[in-house]
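Mind docking chains B and C with the ligands on chain A? Use the hints.
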Amino acid sequence: MKVSDSFDIGEMDDLGRLDTPVHRLDARAKAVATLVFIGVVMSFPRYAISSLTPFILYPVALVSLGRIPMRYLARKILIAAPFALLIGVFNPLLDREPVTAIGSVAISGGWLSFGSIMFRFLLTVGAALALVACTGMNRLGAALERLGVPRVFVVQLLFLHRYLFVVSDQAAKMKRSAVMRSSGRPLRLSVYASMIGHLLIRSMDRAERVYRAMVARGFDGEVRILRPSSFGWPDTLFVAACILFFVSARVWNLADGFGRLLTGGVL
Amino acid sequence: MHMADALISPAVGGTMWVVSGGLIAYCANKVKKSVRDNLVPMMGILGAFIFASQMINFSIPGTGSSGHLGGGLILTALLGPYAAFLVMASVLTVQAFFFADGGLLALGCNIFNLGFFPAFVAYPLIYRVMVGERRGAPRAWAAAIVAAVAGLQLGALSVVLETRASGISDLPFGTFALLMLPIHLAIGVVEGLATAAVVAFVAKARPEALAAAPGRTGGVSFRPVLVKLAIATLVVGGVASWFASTHPDGLEWAIAKVTGKEEVTSPEAGVHKSLAGIQAKTALLPDYGFKPSEGEATRAEGEAPAAEAWPAVSAGTSVSGVVGGMMTLALACIIGILLRLRPGPRCCGQE
Amino acid sequence: MSHHVVEVRDLSFAYPDGTEALKGVSFRIEHGGSVALIGGNGAGKSTLLLHLNGYLAATRGEVRIGDTIVTRETAALARRAVGMVFQDPDDQLFMPTVAEDVAFGPLNAGLPADQVESRIASALDRVGMAHLRERPPYRLSAGEKRAVAIASVLAMSPDILVMDEPSSNLDPRARRRLIRHLLSFEHTKIIATHDLELVVEVCRHALVMDDGRIVARGPAVEILADENLMLAHGLERPHSLRHAHPSRP
Ligand SMILES: Nc1ncnc2c1ncn2[C@@H]1O[C@H](COP(=O)(O)OP(=O)(O)OP(=O)(O)O)[C@@H](O)[C@H]1O
Ligand SMILES: [Mg+2]
Numbered sequence: 003m004k005v006s007d008s009f010d011i012g013e014m015d016d017l018g019r020l021d022t023p024v025h026r027l028d029a030r031a032k033a034v035a036t037l038v039f040i041g042v043v044m045s046f047p048r049y050a051i052s053s054l055t056p057f058i059l060y061p062v063a064l065v066s067l068g069r070i071p072m073r074y075l076a077r078k079i080l081i082a083a084p085f086a087l088l089i090g091v092f093n094p095l096l097d098r099e100p101v102t103a104i105g106s107v108a109i110s111g112g113w114l115s116f117g118s119i120m121f122r123f124l125l126t127v128g129a130a131l132a133l134v135a136c137t138g139m140n141r142l143g144a145a146l147e148r149l150g151v152p153r154v155f156v157v158q159l160l161f162l163h164r165y166l167f168v169v170s171d172q173a174a175k176m177k178r179s180a181v182m183r184s185s186g187r188p189l190r191l192s193v194y195a196s197m198i199g200h201l202l203i204r205s206m207d208r209a210e211r212v213y214r215a216m217v218a219r220g221f222d223g224e225v226r227i228l229r230p231s232s233f234g235w236p237d238t239l240f241v242a243a244c245i246l247f248f249v250s251a252r253v254w255n256l257a258d259g260f261g262r263l264l265t266g267g268v269l
Numbered sequence: 104m105h106m107a108d109a110l111i112s113p114a115v116g117g118t119m120w121v122v123s124g125g126l127i128a129y130c131a132n133k134v135k136k137s138v139r140d141n142l143v144p145m146m147g148i149l150g151a152f153i154f155a156s157q158m159i160n161f162s163i164p165g166t167g168s169s170g171h172l173g174g175g176l177i178l179t180a181l182l183g184p185y186a187a188f189l190v191m192a193s194v195l196t197v198q199a200f201f202f203a204d205g206g207l208l209a210l211g212c213n214i215f216n217l218g219f220f221p222a223f224v225a226y227p228l229i230y231r232v233m234v235g236e237r238r239g240a241p242r243a244w245a246a247a248i249v250a251a252v253a254g255l256q257l258g259a260l261s262v263v264l265e266t267r268a269s270g271i272s273d274l275p276f277g278t279f280a281l282l283m284l285p286i287h288l289a290i291g292v293v294e295g296l297a298t299a300a301v302v303a304f305v306a307k308a309r310p311e312a313l314a315a316a317p318g319r320t321g322g323v324s325f326r327p328v329l330v331k332l333a334i335a336t337l338v339v340g341g342v343a344s345w346f347a348s349t350h351p352d353g354l355e356w357a358i359a360k361v362t363g364k365e366e367v368t369s370p371e372a373g374v375h376k377s378l379a380g381i382q383a384k385t386a387l388l389p390d391y392g393f394k395p396s397e398g399e400a401t402r403a404e405g406e407a408p409a410a411e412a413w414p415a416v417s418a419g420t421s422v423s424g425v426v427g428g429m430m431t432l433a434l435a436c437i438i439g440i441l442l443r444l445r446p447g448p449r450c451c452g453q454e
Numbered sequence: 248m249s250h251h252v253v254e255v256r257d258l259s260f261a262y263p264d265g266t267e268a269l270k271g272v273s274f275r276i277e278h279g280g281s282v283a284l285i286g287g288n289g290a291g292k293s294t295l296l297l298h299l300n301g302y303l304a305a306t307r308g309e310v311r312i313g314d315t316i317v318t319r320e321t322a323a324l325a326r327r328a329v330g331m332v333f334q335d336p337d338d339q340l341f342m343p344t345v346a347e348d349v350a351f352g353p354l355n356a357g358l359p360a361d362q363v364e365s366r367i368a369s370a371l372d373r374v375g376m377a378h379l380r381e382r383p384p385y386r387l388s389a390g391e392k393r394a395v396a397i398a399s400v401l402a403m404s405p406d407i408l409v410m411d412e413p414s415s416n417l418d419p420r421a422r423r424r425l426i427r428h429l430l431s432f433e434h435t436k437i438i439a440t441h442d443l444e445l446v447v448e449v450c451r452h453a454l455v456m457d458d459g460r461i462v463a464r465g466p467a468v469e470i471l472a473d474e475n476l477m478l479a480h481g482l483e484r485p486h487s488l489r490h491a492h493p494s495r496p
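Residue numbers (the numbering used here), protein chains in the order written: chain A, 3 to 269; chain B, 104 to 454; chain C, 248 to 496.
One chain only, chain A, in its complex shape (with noise of 0.2 Å):
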């Protein structure tokens, strides 16, 4: 394994190159899809939880059914959760107020919109991650292109995909130089300029020859992108499933009504 993976970027690479019936999906289809869910799902106010339970279903169908290792992702949307997290803690201290109760243990609206947070933050994380683990960042890019996109930035998310790879190396590489002669002291900021600076002085260069590469082969300063379109009825299908189920669930609390299914001889 080369260090490049410091970014872990080559495994999701891989995973969106299996053969599975979601990655056989158009990645249009699959992008739209994705939205949608995170739109409806950001749409529920803020002390929902139980009526969102229902959510979960499309990032899990999309990871089983492309195969996507849970364990793999389940850590990605850990390193991600911070953010949300750090702000998202400050509910339960604001709004202290009881608004349910689960057994004798009051739940306070703070409590409740905070949980909300995080699983919303679950959901549309999960989803995210799952489309690009079931996509690949190639028919992502061609996607976004189909999608209106403007060509020179789906070009430029695709040229700093493929130069991450070869960029982070030559800083890993150096960083472990510094690191080796340096006997574990931190850096102090005039190694870490030279450091830096030479990075990007031969970056630049890379991107020069990159350019002279470019041109022998005919560039003339638009990068045609060869896709062949193969958006058919079960993309359509799927969009149209996944919208209806976004729907209903938005409109109807399905969690709830399965809950009084099972609850209902109870009561």
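In case anyone wonders, no lab produced these hints; they're calculated from the structure.
Be careful, since some hints might not be right.
[What the hints assert, rightly or not] Which stretches of chain C does chain A cover? Using the computed rule of at least three CB atoms under 8 Å from a CB of chain A, they are:
1) 273-283
2) 304-318
3) 323-337
4) 353-364
5) 378-392
[As the list claims (entries may be wrong)] Chain B is nowhere near these chain A residues, computed Cβ spacing over 12 Å in every case:
6) 223
7) 238
8) 239
All C-beta atoms in this analysis are idealised placements derived from N, C-alpha and C, irrespective of residue type, glycine included.
Using the frame of chain A, we list chains B and C with the ligands on its own:
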């Protein structure tokens, strides 16, 4: 200071998507017309550089903490504002895609907060003005620090405003601002130092790289950008906030309009009544004097309109809601496991 | 077909910082020729090659590909005739997948989709890398990268193949395969390299450069066997020519 999806309302997220999307389209157009042909690989690789440079930190003497390059300022110095904005946007997009840093709904906010301010405000209006045509060392250092601080303060303020407007976090504006701004003051100083040091290095080793940035001599006209941006923000934000204020729960309102039903949330309302009934019967919560109707009434008085919608959809807090939620999650797990039991995956195109 | 002839006359070039990298270079390569460009570091080999497709413009002298003099206006023509493989394949393979990278040149030439497709297939086939089609380039081994880089140039069906240090970073097996490929190409070939053993096997002629000038030219085996010449220009006589068997494999 990436915003997270979970803290943002669709109205705010959508507004900022439109704003950032418009900026991207505008900058993409500018870059396309640029005479610098090598901009395509240069932007891509510098984006990768910004990413990679964050693997390396320097220590801040006497604090035990460390810092690194932010990116926006140095990119603008090398590429000019339009290309730099696109590079920052691409870095943030890849972060959102691969690391769930921020999120897709919050992406518009993040691009604006971390891309717009350094590229279109901090660098051209502060750094360039302070440095002038002479690149004297102390001046350049001061300029970089002031510009980095200003860029980050604006970004942080913007985070606070967006979070506040979304109404998902309970943090009051003042508290949140007091929390964010000082932190970003410190980060800004560190980032300014790093930027100045790297710029000084490049200025010595490869002076033409800095001279190559377009817009150095005021070639960039900001007025059209700012005017268009302001109009877009006002229009989208205005529509969104009108929508949000008159119809606290926009989607619900829209659904009601479409279906013609006034009370789309009737199942919950019904449950709510039965909740009171359940309590009366089972007396689960005698000590807390939990009276849903009163609690709701006081909330509705004291809170913003958005909270009014709460009782109608608060069935998530009912017993059946809890049970149902748990069971739904369990069911989802089972479905997930079942879906996995299908025949193994094949690898495409490699065999 | 005079199209494959390369002629360089009195070529001089200075970089913007004033470095005089070429000081009056002249040579002519006939159709089907295979020429090695050898010389120490900084001799000007890469600089010379960059003039052949008009990436750099001479300060004096001219480059002629077939019947056309390479200028800013005719550079596009020259780039279609001259396929250039660069030293670091990471610089050359910039697209997200192998197939897209190979397609880059044909697409720029404005070929229709089905022709682009057949170009991709046949170019990858020729270098034996058809199975890597959908792989991202950064996941390939050095040898695979090099082979794909060559395929990406072959897909443009150039008349003249120009390579800058094609065997650097290759292990013996990958290098062997590269040599087999090179021998199978009927193109006019110009190869700048420090790998003198490769020159012995692949090239009929050799040009020796030093300090921006061509200091010797002739049949590759004779040039490389000339110990004094080699040493004088920072090179050395290859092993295969040391033990008195100048016949080539
Ligand atoms: N971009 C540049 N700007 C200024 N000088 C340069 C540039 N590129 C190369 N040179 C100089 O031009 C001269 C010829 O360099 P060139 O790269 O052509 O040599 P080379 O024969 O390819 O060497 P090597 O075997 O190391 O690849 C050297 O003195 C080099 O320092
Ligand atoms: Mg060279």
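Would the non-interface assignment of residue 239/A survive a Cβ cutoff of 12 Å against chain B?
holds (17 Å)
Verdict on residue 238/A as a residue remote from chain B, using beta-carbon distances over 12 Å
With a cut-off of 12 Å, residue 238/A remains clear of chain B, as the shortest Cβ separation is near 21 Å.
Would the least Cβ to Cβ distance between residue 223/A and chain B come out above 12 Å?
violated (6 Å)
At a Cβ distance under 8 Å, does chain A reach at least three residues of the region 273-283 of chain C?
Result for this restraint: violated, n = 0.
Outcome, coverage of the region 323-337 of chain C by chain A - at least 3 residues whose beta-carbon is closer than 8 Å to one in that chain
holds (count 9)
For the region 353-364 of chain C, do three or more residues have a beta carbon lying closer than 8 Å to a beta carbon of chain A?
holds (count 5)
Establish whether the coverage given for the region 304-318 of chain C by chain A is satisfied; the threshold is a Cβ-Cβ distance below 8 Å, and no fewer than three residues must meet it.
With 0 residues closer than 8 Å to chain A, the region 304-318 of chain C misses the three-residue bar; violated.
When I compare C-beta atoms, does the region 378-392 of chain C have three or more residues closer than 8 Å to chain A?
Holds, because 5 residues of the region 378-392 of chain C bring their Cβ atoms closer than 8 Å to Cβ atoms of chain A.
Hints 1, 2, 6 from the earlier list are contradicted by this structure; the remaining hints agree with it.
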